[in-house]
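Chemist: Spelled out from the first residue to the last, the chains are:
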Amino acid sequence: MSAVPPKLEGTAYGRGPQHPNDLLTRVGPGTPCGEFLRRYWQPVLAGHSVTTRPREVRILGEDLIIFRDRKGRPGLLYPRCMHRGTSLFWGRVEDEGIRCCYHGWLFGVDGQCLEQPCEPNKGVNLASARQPWYPLEERYGLVWAYMGPPDKMPVLRRFDCMEPLEDGETYVANDASIGSHGDPNGPDVVPYSWLHMNDNIMDPFHVQVLHSTFSVTHFVREFEVMPTVKFEDIDAGVIYKAYRKLDDGREVDRVSTWMIPNIMSVPNVQLVHGRSNGLGFSVPVDDTHSRILFCSRQAVGEDRRRGTGLSNLKPWSEMSIEERQDRPGDYEAQAGQGPISLHSEEHLVTSDRGIAMQRRMLEREIRKVMDGGDPLGVAFGADEMVRVPSGNFFR
Amino acid sequence: MSAVPPKLEGTAYGRGPQHPNDLLTRVGPGTPCGEFLRRYWQPVLAGHSVTTRPREVRILGEDLIIFRDRKGRPGLLYPRCMHRGTSLFWGRVEDEGIRCCYHGWLFGVDGQCLEQPCEPNKGVNLASARQPWYPLEERYGLVWAYMGPPDKMPVLRRFDCMEPLEDGETYVANDASIGSHGDPNGPDVVPYSWLHMNDNIMDPFHVQVLHSTFSVTHFVREFEVMPTVKFEDIDAGVIYKAYRKLDDGREVDRVSTWMIPNIMSVPNVQLVHGRSNGLGFSVPVDDTHSRILFCSRQAVGEDRRRGTGLSNLKPWSEMSIEERQDRPGDYEAQAGQGPISLHSEEHLVTSDRGIAMQRRMLEREIRKVMDGGDPLGVAFGADEMVRVPSGNFFR
Amino acid sequence: MSAVPPKLEGTAYGRGPQHPNDLLTRVGPGTPCGEFLRRYWQPVLAGHSVTTRPREVRILGEDLIIFRDRKGRPGLLYPRCMHRGTSLFWGRVEDEGIRCCYHGWLFGVDGQCLEQPCEPNKGVNLASARQPWYPLEERYGLVWAYMGPPDKMPVLRRFDCMEPLEDGETYVANDASIGSHGDPNGPDVVPYSWLHMNDNIMDPFHVQVLHSTFSVTHFVREFEVMPTVKFEDIDAGVIYKAYRKLDDGREVDRVSTWMIPNIMSVPNVQLVHGRSNGLGFSVPVDDTHSRILFCSRQAVGEDRRRGTGLSNLKPWSEMSIEERQDRPGDYEAQAGQGPISLHSEEHLVTSDRGIAMQRRMLEREIRKVMDGGDPLGVAFGADEMVRVPSGNFFR
Numbered sequence: 001m002s003a004v005p006p007k008l009e010g011t012a013y014g015r016g017p018q019h020p021n022d023l024l025t026r027v028g029p030g031t032p033c034g035e036f037l038r039r040y041w042q043p044v045l046a047g048h049s050v051t052t053r054p055r056e057v058r059i060l061g062e063d064l065i066i067f068r069d070r071k072g073r074p075g076l077l078y079p080r081c082m083h084r085g086t087s088l089f090w091g092r093v094e095d096e097g098i099r100c101c102y103h104g105w106l107f108g109v110d111g112q113c114l115e116q117p118c119e120p121n122k123g124v125n126l127a128s129a130r131q132p133w134y135p136l137e138e139r140y141g142l143v144w145a146y147m148g149p150p151d152k153m154p155v156l157r158r159f160d161c162m163e164p165l166e167d168g169e170t171y172v173a174n175d176a177s178i179g180s181h182g183d184p185n186g187p188d189v190v191p192y193s194w195l196h197m198n199d200n201i202m203d204p205f206h207v208q209v210l211h212s213t214f215s216v217t218h219f220v221r222e223f224e225v226m227p228t229v230k231f232e233d234i235d236a237g238v239i240y241k242a243y244r245k246l247d248d249g250r251e252v253d254r255v256s257t258w259m260i261p262n263i264m265s266v267p268n269v270q271l272v273h274g275r276s277n278g279l280g281f282s283v284p285v286d287d288t289h290s291r292i293l294f295c296s297r298q299a300v301g302e303d304r305r306r307g308t309g310l311s312n313l314k315p316w317s318e319m320s321i322e323e324r325q326d327r328p329g330d331y332e333a334q335a336g337q338g339p340i341s342l343h344s345e346e347h348l349v350t351s352d353r354g355i356a357m358q359r360r361m362l363e364r365e366i367r368k369v370m371d372g373g374d375p376l377g378v379a380f381g382a383d384e385m386v387r388v389p390s391g392n393f394f395r
Numbered sequence: 001m002s003a004v005p006p007k008l009e010g011t012a013y014g015r016g017p018q019h020p021n022d023l024l025t026r027v028g029p030g031t032p033c034g035e036f037l038r039r040y041w042q043p044v045l046a047g048h049s050v051t052t053r054p055r056e057v058r059i060l061g062e063d064l065i066i067f068r069d070r071k072g073r074p075g076l077l078y079p080r081c082m083h084r085g086t087s088l089f090w091g092r093v094e095d096e097g098i099r100c101c102y103h104g105w106l107f108g109v110d111g112q113c114l115e116q117p118c119e120p121n122k123g124v125n126l127a128s129a130r131q132p133w134y135p136l137e138e139r140y141g142l143v144w145a146y147m148g149p150p151d152k153m154p155v156l157r158r159f160d161c162m163e164p165l166e167d168g169e170t171y172v173a174n175d176a177s178i179g180s181h182g183d184p185n186g187p188d189v190v191p192y193s194w195l196h197m198n199d200n201i202m203d204p205f206h207v208q209v210l211h212s213t214f215s216v217t218h219f220v221r222e223f224e225v226m227p228t229v230k231f232e233d234i235d236a237g238v239i240y241k242a243y244r245k246l247d248d249g250r251e252v253d254r255v256s257t258w259m260i261p262n263i264m265s266v267p268n269v270q271l272v273h274g275r276s277n278g279l280g281f282s283v284p285v286d287d288t289h290s291r292i293l294f295c296s297r298q299a300v301g302e303d304r305r306r307g308t309g310l311s312n313l314k315p316w317s318e319m320s321i322e323e324r325q326d327r328p329g330d331y332e333a334q335a336g337q338g339p340i341s342l343h344s345e346e347h348l349v350t351s352d353r354g355i356a357m358q359r360r361m362l363e364r365e366i367r368k369v370m371d372g373g374d375p376l377g378v379a380f381g382a383d384e385m386v387r388v389p390s391g392n393f394f395r
Numbered sequence: 001m002s003a004v005p006p007k008l009e010g011t012a013y014g015r016g017p018q019h020p021n022d023l024l025t026r027v028g029p030g031t032p033c034g035e036f037l038r039r040y041w042q043p044v045l046a047g048h049s050v051t052t053r054p055r056e057v058r059i060l061g062e063d064l065i066i067f068r069d070r071k072g073r074p075g076l077l078y079p080r081c082m083h084r085g086t087s088l089f090w091g092r093v094e095d096e097g098i099r100c101c102y103h104g105w106l107f108g109v110d111g112q113c114l115e116q117p118c119e120p121n122k123g124v125n126l127a128s129a130r131q132p133w134y135p136l137e138e139r140y141g142l143v144w145a146y147m148g149p150p151d152k153m154p155v156l157r158r159f160d161c162m163e164p165l166e167d168g169e170t171y172v173a174n175d176a177s178i179g180s181h182g183d184p185n186g187p188d189v190v191p192y193s194w195l196h197m198n199d200n201i202m203d204p205f206h207v208q209v210l211h212s213t214f215s216v217t218h219f220v221r222e223f224e225v226m227p228t229v230k231f232e233d234i235d236a237g238v239i240y241k242a243y244r245k246l247d248d249g250r251e252v253d254r255v256s257t258w259m260i261p262n263i264m265s266v267p268n269v270q271l272v273h274g275r276s277n278g279l280g281f282s283v284p285v286d287d288t289h290s291r292i293l294f295c296s297r298q299a300v301g302e303d304r305r306r307g308t309g310l311s312n313l314k315p316w317s318e319m320s321i322e323e324r325q326d327r328p329g330d331y332e333a334q335a336g337q338g339p340i341s342l343h344s345e346e347h348l349v350t351s352d353r354g355i356a357m358q359r360r361m362l363e364r365e366i367r368k369v370m371d372g373g374d375p376l377g378v379a380f381g382a383d384e385m386v387r388v389p390s391g392n393f394f395r
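Just so you know, the protein sequences line up as chains C, G and H, in that order.
Mapped onto this note's numbering, the consecutive letters of the first sequence carry residue numbers 1 to 395.
Mapped onto this note's numbering, the consecutive letters of the second sequence carry residue numbers 1 to 395.
Mapped onto this note's numbering, the consecutive letters of the third sequence carry residue numbers 1 to 395.
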């Protein structure tokens, strides 16, 4: 038998199983990360998506029904009617709530059962009958839910990049994962873990490759310059400062912010000078799916797609697989990591330092919740305004 | 930290897992309910659906092939040829049975192997070669199978609502779950447990809500009156008597019958006076699917759809999801309970008394079979005629 | 209670679970059969299917990316980029290899990382960075991979039916499972275990039934004569000699060859006199899917479909289910055995002797590998020419 040829090193034979970091990616009820994320208000949908037509929504691995009663109040209920389990998706929205189709039980947006029409006196022990529910708030054009322990409900934080609205501005919200594929007709839920987009946000280098030199110009030509990057911890998050000296002599610092647990503030992608005026969220649908939501202050009438920089390209949903191979974007790069990435086989290098810092902070705060503590960024009682340092700053 | 706001009671947080009643819903071989149901002849398909074209049919979690040989005898065989496992779905029906496509083994409707053409003398030890099979009987336009222990085969019962045929009458059978969606082009198998429709039959109240005041009028306006209901055990089943005083002064008792194990006799849904002339069956396909079969005596040439009362509506299969939300029916209410309902979270109330009685009887009889006994409603030897009290009776 | 009616013998009641022979059908990494098959070079695709467009390919339960760099070298890599896990399916093929879309890491066809553009000096410790890979060879129009232990890599064997090329001949390869359905537009992967086609090859009798008297004439009318068959072990395989005395008085011996582990040499199916000039392979995609590949010497310009004998029939992919029932072929017979056949319920008879011999040899060699030995048919060092006795020989 001949000796091993040198070229046979490193083959895929016998590699053994690989695995994700479950601590950061399992989001269902009772999981460490799931309980951690439930300690924060999470945006569920844009306000305009919540109507008198009941809608199924999955978030943090829970299937729920969201609707807006005829008085305008949004409601988020467990889907199976507490009576005999028929989904309230088939229910009818009325002034005071939603009515199950099967035997007509009526529930308010807070789950309270208001009527059982087939029972004597239209209801027996109504006061104690309650459909499982979650509280909602509306802000910045988004509908936010608190899905955590009732005695730990924090205030819904305010962000200084979002207010006050200036003259002629309005809040514009998008709940259709446009931040992944840039296409209003693309999938509103993307088939991968919330951590993929969360990792992506502290990764200034892929902007130079994926969005510029590898594929077509997704945003602006200036991103073809490889930046010099500094990562820094902030109070409850991580930022990067990406410095570029442009060909025309201009110099720019691009500051991007990630805030715990899953909040992203990316500066204007057209490299317009000034502070960021928007927020993004990578919200788990379940372990293997997520929804990217955005809200921003925009001048009334502004074209929402301008911000994506993709307006001159064929929309994602109309591209063939081959066309997507020829000019991949965030969707391909992140879906390409699989439903959940296999963190055990990653090779993080110096350019991944921001991702490592984020994950470290997440792990620390998740363990804090496991140990009974309150994680960074939750505030009780007083209103809290969070400072968001993001922006493009030309020197 | 502030105290718990009162409005945060009853949220969906931390509810823990819910579960079905497995005793009533698991139907595969060897399960308590599966063995119980196998003690009765079960209708498989309408006679007109069994032809010389082999057809796959799943029943009680078992995949089988059904066909009619060229002499007219129906056969129900295990699908995988006993020789090398090719499905007899690809077989050819001949005068004496069905022939496997791969090596030509021929089997009679009783599974007997009649020929092995590639073997010496066209067969070795033919007498002992038998394809697994089940016996079939034809009655009331349906083909019935006995899938239970060979030494426990009961007689196929007769029902007094089905015979004798009067002059000009014929048996009409439907095996396409039309009782769920009312649409000849709807799915012939519905994606939920057999227990959903079985529960539905002793539930006179949903007729007032789902079929009348909630949705459109599925049957007749008279059902908008909330009935006064009495439930009663009968020998091997449960009935309800729903009394209504109509707006025009007429009074009517509507008597509906459920018979063990999964037999339903609903009175005429147009509220025509008189005894019922039909039977329905909620037959498990597997744990999470079922087939609703009907047979009835009808005048020759009568429009089968008249009985459903839905003839003036857009057919189910052509409705959009939104249209189904606007006027749901049994399909939505029952599919809306999920593949198997989660009985641990139900809240049965006074109007659910019939359902509770049925389930109690089922549980008792299932346990009887587990203990080696014969369940209610099986009869050996002598022909048995079952009395069915259903009907609409105006006073 | 009456006694058991005799006709109730042999019903499908209470048969208990059946199972495949896992030793022969589980092909993933670490399984006995998987490790056995990995000791041989396996054809992955036809050479013409491997291009500068990256392509996903699954083989032996492993998902891989195959491509040809711009210098013409084929590469077979683990799909998830070693850096952060994005699939190289979205990568770009360059002169020296394939570049990941996310951060631009470049890998050669041997997995060597050649560039990390976002790192200082375009790479840190490049020499030790290697994407998992498998070696490839090209021969007879096919691309072959060695996926076994690096210190056990054998030579890629030569076969005397494939060389030398005669004047005017060329190699023609097909990787689209045309041997299963005969249709260039049919599925290129078939939904059943590799063992189904492997069994089929030593089964001369189904040619008389499935391909002739049961269905339409798939090949030639001469196959309607039931042959007299002898099976024989050869060095590393099994052959059959099927003798037929034709109606016109001619006599013919048809010799077909199976070689370990999954190599088939079927003589010309038009019954043309002479030695076979082709090879087939039943390659596991995973436990429940396989790909049938062929290579042959053909005169330049020869119609490839002539060999299948199906050129006058409606193509498989255009047939309805009923049409496939009326004239089933290998696809129906083998898919009809299920994703993996249930060997515990087979009844092998005298006409299945070849299959039994094959399986016995496979089991013996699989156990030999389990025990640390080298299986039949692997050769190290010296070039090996395998003799293939297949052919149609008229007396």
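Check before you lean on any hint, since a few could be wrong.
In this list, chains with the same sequence are indistinguishable; a pair is considered to hold if it fits within one copy or across any two.
Said to hold, decoys possible - Once the Cα atoms are required to be at most 20 angstroms apart in a straight line, the calculated SDA-like pairs of lysine to any residue come out as:
| id | residue 1 | residue 2 |
| --- | --- | --- |
| 1 | K152 | G30 |
| 2 | K122 | V189 |
| 3 | K245 | N121 |
| 4 | K122 | G372 |
| 5 | K314 | P17 |
| 6 | K245 | E119 |
Keep in mind that the hints were calculated from the coordinates and are not lab data.
As the structure is a computational prediction, the values presented were derived from the model and not from experiment.
Chemist: May I ask which of the numbered hints given earlier this structure violates, with the numbers listed in increasing order?
Modeler: Checked against the structure, the hints that fail are numbers 2, 4, 5, while the rest are satisfied.
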